[in-house]
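Enquirer: For the protein sequence lines, the chains are A and B, in the order given. Going letter by letter, the first sequence gives residues 1 to 117 in the numbering used here. Going letter by letter, the second sequence gives residues 1 to 111 in the numbering used here.
Derived by calculation from the structure, the hints in this document are not laboratory data. There may be inaccurate statements among the hints.
[Said to hold, decoys possible] Below, in silico cross-link-like pairs of lysine-lysine (DSS-like), each with a Cα-Cα straight-line distance of 30 Å or less:
(1) A:41 with A:22
(2) A:40 with B:73
(3) A:36 with B:78
(4) A:18 with A:38
(5) B:70 with A:41
(6) A:36 with B:73
(7) A:41 with A:9
Source: prediction; values computed, not measured.
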Amino acid sequence: DTEVTQTPKHLVMGMTNKKSLKCEQHMGHRAMYWYKQKAKKPPELMFVYSYEKLSINESVPSRFSPECPNSSLLNLHLHALQPEDSALYLCASSFGTSGDSGANVLTFGAGSRLTVL
Amino acid sequence: AQTVTQSQPEMSVQEAETVTLSCTYDTSENNYYLFWYKQPPSRQMILVIRQEAYKQQNATENRFSVNFQKAAKSFSLKISDSQLGDTAMYFCAFRDNDMRFGAGTRLTVKP
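Can you make the complete structure from the sequences, with help from the hints?
Expert: Dropping the structure here:
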């Protein structure tokens, strides 16, 4: 299995809803990432988990809450979002966060397109 | 913090021709990694090629090659024999502790 799987592919939610984005990989990667990508912009790093511990939080608002239940799963819990949070949310994973370039290569999922009404 | 600059928002090339996408970066680190990722309309980010900063030899992957100039902090991507399937957004990326992307270059391959 050489894939990162993200569900759902599309999500529409109201500002008062609570929803979650899910990400799964079975490549034995120990680092997992959430990126946010607005239209025609590059991905922006949100969170990094390394060995199931949160190692980077890029000052993301608390309405986004990441969770890493185990080394294969990464969730992003969403609550009280704003319309400007509408974007493509990309999950990625890598063998590690340092070392040779093999460890540094990120494998991306196809993304979850979120629309906040 | 490191920055990655792609100065060409859009480019086009005729099928079978060669095109070069430019990328510059700024860092005080000596050990780092550079990547080119491709994002077609399907949205999936796909690794095109990677380069370790400590290696002087330029990386090559089939039709894709890089021109890595460490002193100039330049990392350009050359696509030879362009194909229609190469049409995509191309992002240059820099990594030491985390991955940072340039603004991207939208490449269109014309038949």
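Enquirer: List, from low to high, the hint numbers that the structure doesn't satisfy.
Expert: Checked against the structure, no hint fails, so every one of them is satisfied.
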